[in-house]
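A.B. asks: Read off the chains here:
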Amino acid sequence: METQPLLVVDDETLIRLDLVDVLEAGGFTVQDCADGSAALNYVDGSGHLCGLVTDINLGGKISGWEVARQGRKKFPNLAVVYITGDSASQWPFEGVPNSMVLQKPFADAQILNAVTTLMNQQSNQSNTE
Amino acid sequence: MTLAPSFEIDPALAPILATVLDAVVVMTPEGLIGGWNECAEKIFGWSALEARGQVLADLIVPEQFREAHNQGLNRLAQGGTPQVLHRRIEITALRRDGHEFPIELSITEAQSSSGPAFIGFIRDISERRDAEAQIERQAFESRLMFEIANMASNSDSFESALRKALEAICQITGWPVGHAFVVPPGNPQLLSSSGIWVETETGLTDALREKTIATQFRSGVGLPGRILATGEPLWLTDTDTESNFPRKGSGFRGAFGFPLKQDGRVIAVLEFFSKAQSAPVPEILLTVRAIGEQVGRVFERKRTQDHQNLLLHELDHRVKNILSVVQAIAQQTFRRASSVEDAYGIFRGRLMAVAQAQDILVSQNVEGATLREIIDGALEGSGVSADRVTMDGPEVRVSGRNAVTISLAIHELCTNAFKYGALSVDDGSVTITWGIDDGQAKSFQFEWREQDGPPVVIPDRKGFGTSLLERGLAAELGGQIILSYAPEGVICSFTAPLQ
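First to last, the protein sequences are chains A and B.
Letter by letter, the first sequence follows residues 0 to 128 of the working numbering.
Letter by letter, the second sequence follows residues 184 to 682 of the working numbering.
It is worth saying that the hints were derived from the structure and are not from the lab.
Glycine included, each C-beta is placed from N, C-alpha and C at the ideal position.
Incorrect hints may have been included.
Some residues of chain A that are not near chain B, with every Cβ distance over 10 Å (derived) [said to hold, decoys possible]:
#1 P4
#2 G25
#3 K73
#4 G84
#5 S98
As a list, the in silico DSSO-like pairs of lysine-lysine whose alpha-carbon atoms are at most 30 Å apart [as the list claims (entries may be wrong)]:
#6 K444/B <-> K347/B
#7 K394/B <-> K347/B
#8 K347/B <-> K458/B
#9 K103/A <-> K394/B
#10 K444/B <-> K431/B
#11 K103/A <-> K72/A
#12 K645/B <-> K60/A
#13 K60/A <-> K394/B
#14 K431/B <-> K458/B
#15 K602/B <-> K645/B
#16 K503/B <-> K625/B
#17 K60/A <-> K625/B
#18 K60/A <-> K103/A
#19 K645/B <-> K103/A
#20 K503/B <-> K431/B
Okay, the calculated bits of chain A under chain B, using three or more residues with CB under 8 Å as the criterion [said to hold, decoys possible]:
#21 65 to 71
#22 85 to 97
#23 101 to 114
Please put together the full structure from these sequences, using the hints given.
C.D. replies: What follows is the structure, given as C-alpha cells:
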C-alpha cells in the first residue's frame with residue numbers, strides 16, 4: 000500500500016503535535032508546519048500530497064484558506080479539512096469545494112473520519128473521470 | 184409734484200392714530216398716499232411729509248406685487264369690486280432701505296367729504312415670522328436628531344450608525360453624496376475614511392473616492408481637516424475656488440461638513456457634496472451643528488460597545504484556544520501513559536506549566552515576559568530548587584504564544600531530569616545558558632546541560648517531551664533543536680536565526 004502524505008498546519012504547537020499523533024496513528028505519513036508561509040513553501044516543494052489539515056487563523060499574513068487554495072491548485076485531488084475555533088462562518092465563501100470544517104475542540108475520531116471520507120470521495124471522483 | 188390729497192380725519196381720532204401700534208396708511212382711489220401715521224413712519228422709514236402724495240405702489244409695494252396692485256386699482260376705477268377688502272392678508276412690503284419684510288395687512292373702504300378712500304392697517308410681522316421659522320427649524324432639528332439618535336442606538340455597529348446618519352441627512356437636504364471620516368482612537372490629529380459612502384447613483388463618487396483615499400487628511404487639511412481643527416461645521420460654496428480643497432476636479436462643487444463630538448472631542452467628520460455650486464444654508468448649518476454636539480455621544484457609546492464586543496470575541500477565541508490546548512495535552516498524556524494514576528500526575532504537572540506561563544504573561548506589561556521569568560516559573564512549578572540550577576543569559580523578551588510552549592518544554596526537561604537525569608541524584612545539576620550570537624548570521628542560542636547525574640541511557644521511544652522539543656518548539660520558533668544523550672549528561676541545544 001502506498002503511503003498517503005498529509006500536511007498539518009496549526010500555529011498552536013500542542014494542537015499541531017496532537018493532530019500529528021492522531022493522524023500518524025491512523026496510518027498516514029504526516030508533515031507539519033507552524034505557519035502559513037512555511038506551509039506554502041512545503042506545498043511548493045512537495046511532489047505528492049493527499050490531504051491537508053489546516054487551522055484557519057495562522058497568526059501571520061497567510062491564512063489557512065490561502066494554504067488550501069494553493070494546495071488545491073497544485074494537487075487537484077487534495078482532501079482539505081479546516082479546523083477552527085471561530086472562523087467556520089466564512090467557510091462557504093473562503094473554503095475550497097469539497098472541503099470540510101471541524102470546530103475546535105474535536106475528538107480524534109472526527110478528524111480521522113473527515114480525512115478518510117474526503118480522500119475516498121476524491122479517489123472515487125478521479126476514478127470515474 | 185403731485186398735490187397731497189387731503190383726507191379729513193375726525194380730529195378726535197388723530198391722537199389715537201398717532202399712538203396705535205399698527206401703521207395706518209390712507210390711499211386715494213388713484214393710488215396716492217393720503218394719510219400716514221407715526222407708526223407708518225417708523226416701520227417704512229418715510230416721514231408723513233415725504234410719503235403724502237406719493238404713489239403708494241412705488242413707495243411700499245415690492246416690485247413683484249406692483250402689477251397686481253395696479254390691476255386692482257384699474258378694476259376699481261372701472262367700477263369693479265375690490266378683492267382685498269375687509270380681510271387680513273399676509274404679504275410683504277418694502278422699507279425705505281429696500282428691505283422687504285413680512286406684513287399683515289387689512290384694508291377697509293371709507294367715505295369722506297373728499298370722496299372714497301382706502302385705509303390700510305399694516306403690522307410688521309418680521310419677528311413673528313422669525314419666531315415661526317425658528318420653531319419650525321427646531322422641530323425639524325429635533326425630529327432629525329431624534330431619528331439619527333434612534334437609528335444610531337438601534338444600529339448593530341458604529342459603522343452602520345454612521346451610514347444611517349449620512350442617509351438621513353442626504354435625504355433631508357436633498358444632497359446626492361455623503362461620506363464619513365473617523366478619528367482613529369489614539370491619533371486625534373488624523374482623519375481616516377470610514378469607507379462609508381452614500382450616493383444617489385452608483386459610480387457617482389468614483390473619482391471623489393479615489394482622491395479621498397489618495398489624500399492624507401491631517402488636522403487643517405481640506406474640508407474635513409479644517410472641521411477637525413476647528414470643531415465647527417464648514418460650508419464651501421464652490422470647491423473649485425477654494426485654496427484648501429485637495430480633492431478638486433472630482434465632479435462636485437458644493438460641499439459642507441460637520442463634526443460628531445463626544446465631550447468636545449471630534450470623533451468623526453461627516454461631509455456632503457453637491458454637483459453645482461451651493462450657497463450656505465444657515466438653517467442646515469445650525470441643524471448639523473446641533474446634531475454633531477448632541478448625537479455624538481450616542482455614536483461614541485456605539486463605538487465603545489463595538490470595542491467591548493471585539494474584546495469579548497477575542498476572549499471567547501482565547502478561551503476556546505486554551506481549552507483546545509488543554510485537550511491536546513490531555514490526549515498526549517493519556518495516550519502515552521502506562522496507567523491512569525501515572526497519567527493524572529503527569530497531566531497535572533503539564534497543566535501547571537501552562538498555567539504558570541499564563542500567570543507570568545498576565546502580570547507582565549504589553550512587551551511580554553522575559554525568558555528568565557518563564558524559565559524561573561517553569562522550574563518552580565516543576566519543583567526544582569534554585570541551588571540545583573545555574574542560569575546565565577541576557578534579557579530576552581518572549582511573546583505570549585511562545586511563552587506557553589517554552590514553559591512546557593522546560594517542564595518536560597525538568598521532569599525527565601528528575602526521573603532519569605541529573606536531578607534524580609543529590610549531586611547532579613543543570614546549567615542553562617542563552618545568548619545572541621553576533622556572527623555572520625545573527626542567531627539566538629540556548630542550551631540546557633545536565634551534569635553529575637547517573638550515566639545517560641538513550642530512551643527507546645520518543646516521549647511527549649522529545650516530540651514537543653524537536654517537532655513543536657523548533658517549528659514554532661523557526662529554529663533547530665539537538666537533543667544529545669551524551670554519557671555525562673543530557674544536552675538540549677537550540678539555535679534560531681534572528682532577522
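A.B. asks: Each hint: holds or not?
C.D. replies: How the hints compare with the structure:
no., hint, result
1, P4, "holds (16 Å)"
2, G25, "holds (13 Å)"
3, K73, "holds (22 Å)"
4, G84, "violated (4 Å)"
5, S98, "holds (20 Å)"
6, K444/B <-> K347/B, "holds (17 Å)"
7, K394/B <-> K347/B, "holds (24 Å)"
8, K347/B <-> K458/B, "holds (22 Å)"
9, K103/A <-> K394/B, "violated (44 Å)"
10, K444/B <-> K431/B, "holds (27 Å)"
11, K103/A <-> K72/A, "holds (27 Å)"
12, K645/B <-> K60/A, "violated (33 Å)"
13, K60/A <-> K394/B, "holds (28 Å)"
14, K431/B <-> K458/B, "holds (12 Å)"
15, K602/B <-> K645/B, "holds (15 Å)"
16, K503/B <-> K625/B, "violated (37 Å)"
17, K60/A <-> K625/B, "holds (24 Å)"
18, K60/A <-> K103/A, "holds (21 Å)"
19, K645/B <-> K103/A, "holds (27 Å)"
20, K503/B <-> K431/B, "violated (51 Å)"
21, 65 to 71, "violated (count 0)"
22, 85 to 97, "violated (count 1)"
23, 101 to 114, "holds (count 3)"
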